[in-house]
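Engineer: One letter stands for each residue in the lines below.
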Amino acid sequence: MSEARVNLAIAEHPEERRRGASYLLRILGVTAAADYKLKYSGSLLGYVWSVAKPLLLFTMLYFVYGHIFKLDKVSAYYPTSLLMGLVCFYFFADATMLGMYSLVMKESMLRKLIFPRVVIPISTVVTAAITFMINLLVVGVFVAAADITPRLDWLYLLPLLVELLAFVVGVSLILATLFVRLRDLSQIWELVVQLFMFGSPIMYPVGYLPEWARKIVFLNPFTQVLQDARALVLYPDVPRNKITVDQVFGPYGRLAPIGVALAVLLVGLLFFRREEPWLAERV
Amino acid sequence: MTRLDDPRHAIEVRAVSKTFRLPHHQRNTVKEYFLHPLTRTTFEVQQALDDVSFSVERGEFFGIVGANGSGKSTLLKIIARIYRQDAGTVEVQGLLSPFIELGVGFNPELTARDNIRINSALLGLTRRELEERFDSIIAFSELERFIDQKLKNFSSGMQVRLAYSIAIQVDFDILLLDEVLAVGDERFQEKCFATFQEIRAAGKTVVFVSHDLDSVERFCDRTLYVQGGQPQMVGETSKVIDLYRQREINAGPAIAVSI
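For the protein sequence lines, the chains are B and E, in the order given.
When we follow the numbering used here, the leftmost residue of the first sequence carries the number 1, and every step to the right adds one.
When we follow the numbering used here, the leftmost residue of the second sequence carries the number 1, and every step to the right adds one.
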C-alpha cells in the first residue's frame, strides 16, 4: 500500500485563512483567469475573436452612419469617436450579460464549496474588463493614427474607468441575483441592451438629441463617462458644456450620473448580500 | 468569532431546522409574475431537518448515518455554511475542509491542473503553498498522466480521488466528508482509510457521512442517526448502528443502501 499523504498541520490563524483583501484578490484572480480561458477556448478564433467582434461591428456601423448618413462630415474624429463608444458599449453588454448568467453557470461550485459568492459575478466582470482593455489598445491605435498627441489630463480617464467599472459591477450583481429567481430575465435584458445601444450617443453626436432626451441620457453614467472620455481625448478644444454632462446639468452636473453609478453599485452589493445565504439552494 | 458552549467542541449544532419549499407550480419567470400577479404559489414543504442538536468534540471522528433523503447532506451543507438553516444555530471552531458530494465543484471544461488551482485557492491556499503541495495532491490522486486533461474526461472515481486529495492537502482543522468512499475502487478506499488514521492521530476533527456502515463502525468514535430529518440517536457508534440496522435494514423493505 502506498504511503498516505495528508496535510497534518493544524491550521494557523483559522479565522483569517479565508478572509481579508489578499484572499479575495487571489481567488478573484484565479477564477477570472479560468473564466477568461473558458470564454475563448471554445471559439475558433480564440482571443482574436474578442477584438474582431467590436471591430467588425465598427466597420459596418461606420459604413452606415459615417458614409450613408454622412456623420463623417460632422467631425474629423468620427471613426475614433465611434470606436470608442462601441468598445465601451461592448464592455457594458458583455460584462452584464455574462454577469447575469454567472451564478447559474457556476452552480456546482456554489453547492459544494465555501467562499464569498460575490467573487463569481465580479470575476466575470473582470474577464470582460480584460477584453475591454485589449480593445482599448485598438482605440489607442486609432488615436495615434489620427495624430493626436497625448496630454497629461488624460489621467482623468482613470477615474472615469473606475466609475464605469463600478456601474457595471452594480448592474451585474443585480442581474446575477435576479436571474437565479427569474430565468427569463435574459430575454428582457437582451432587449434592454439593444435599447441601451441606440439610446446612448454611441453612433450619433449627443447634440443631435432634443434637450429633454439629453437630460435623460446624461443621467446614465455610461453616457457621461463616454462623453467625458471623448472630450478629453478627441475634443480638448471644444468647450466642455457643448458635449459633456455640463450642458444639461451645469458645472456640477457630473455628480448626478456619478451618484447613479454609486447608487447602482450600492444597491447591487446590498441586494447580493441579502440573497447570498440562499443562492446555493436556488441556483 | 464563534461562541461555543464548550471549548472542547469543534462543532455545535443547536436546534437546527431546515425546510425546502418545493413549489407545485414553479414560478421563476418574469412572464409568470405578469400573467398571474395575484395567484399565490402553493408549496410542498419538505422538512429536511427538524430540530437537530449535537456537538462534535475536537479530534473526534464523528459519523452520520441515515437512509437516502434523511437530511445527512443537508446537515453537512449547513455546517459548511453552504445552506442557511431556518432555525437554530451552528457554531464551528476551526477551519473547514469540505468534501461535499461527488465532483466537489469542479469545472468539467477545465483541466485537472486548473481545477486544483481554483479549488485550493478558494479553500485558502496561497500560490506558493499550492506550488509546495501540488505534487502531493497529484501523487495521492495517482492522476499524474491525466493532469492536463479536461475534467469531463475523468471518471467519477477519478474526480473523487482528485477532490479528496485536495481536501486533505489544504489547511484544515475539520474535515467534512460526504460519501467519499461511494465510487472509489478498493485501492482508493484503502488509501482513504490510511489517511483517516493519520488525520485522527493528528488530532483533527472529521465528520463522516457514509452508507458504508462497516467503515463508520471502524472509524467513528460517536455517530448520529437521522431519519426523515429528525435525530434518532447520538452516541457510541456500535449502539447507533445497531439501532439503524434494526430499524431500516432488517425491518421491512430495505430503503437504505449498504455498500
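Heads up, a few of these hints could be off.
[To be verified] The calculated BS3-like cross-link candidates involving lysine-lysine, where the alpha carbons are at most 27 Å apart (straight line), are:
id, chain 1, residue 1, chain 2, residue 2
1, B, Lys53, B, Lys39
2, B, Lys39, B, Lys70
3, B, Lys215, B, Lys242
4, E, Lys239, B, Lys39
5, E, Lys150, B, Lys70
6, B, Lys37, E, Lys152
7, B, Lys215, B, Lys37
8, B, Lys37, E, Lys239
[To be verified] Counterexamples of contact, computed for chain B against chain E with all Cβ distances above 12 Å:
id, residue
9, Tyr47
10, Leu113
11, Arg282
Source of the hints: derived by calculation from the structure; they are not laboratory data.
From a predicted model like this one, the values you see are computed outputs, not experimental measurements.
For each residue, glycine too, the CB sits at the ideal point set by N, CA and C.
Engineer: Now look at each hint and say whether the structure bears it out.
Structural biologist: To see whether the hints hold, each was checked on the structure:
no.: 1; hint: Lys53/B / Lys39/B; result: 14 Å, holds
no.: 2; hint: Lys39/B / Lys70/B; result: 37 Å, violated
no.: 3; hint: Lys215/B / Lys242/B; result: 14 Å, holds
no.: 4; hint: Lys239/E / Lys39/B; result: 53 Å, violated
no.: 5; hint: Lys150/E / Lys70/B; result: 51 Å, violated
no.: 6; hint: Lys37/B / Lys152/E; result: 16 Å, holds
no.: 7; hint: Lys215/B / Lys37/B; result: 41 Å, violated
no.: 8; hint: Lys37/B / Lys239/E; result: 52 Å, violated
no.: 9; hint: Tyr47; result: 17 Å, holds
no.: 10; hint: Leu113; result: 4 Å, violated
no.: 11; hint: Arg282; result: 9 Å, violated
Hint violations for this structure: numbers 2, 4, 5, 7, 8, 10 and 11, all remaining hints satisfied.
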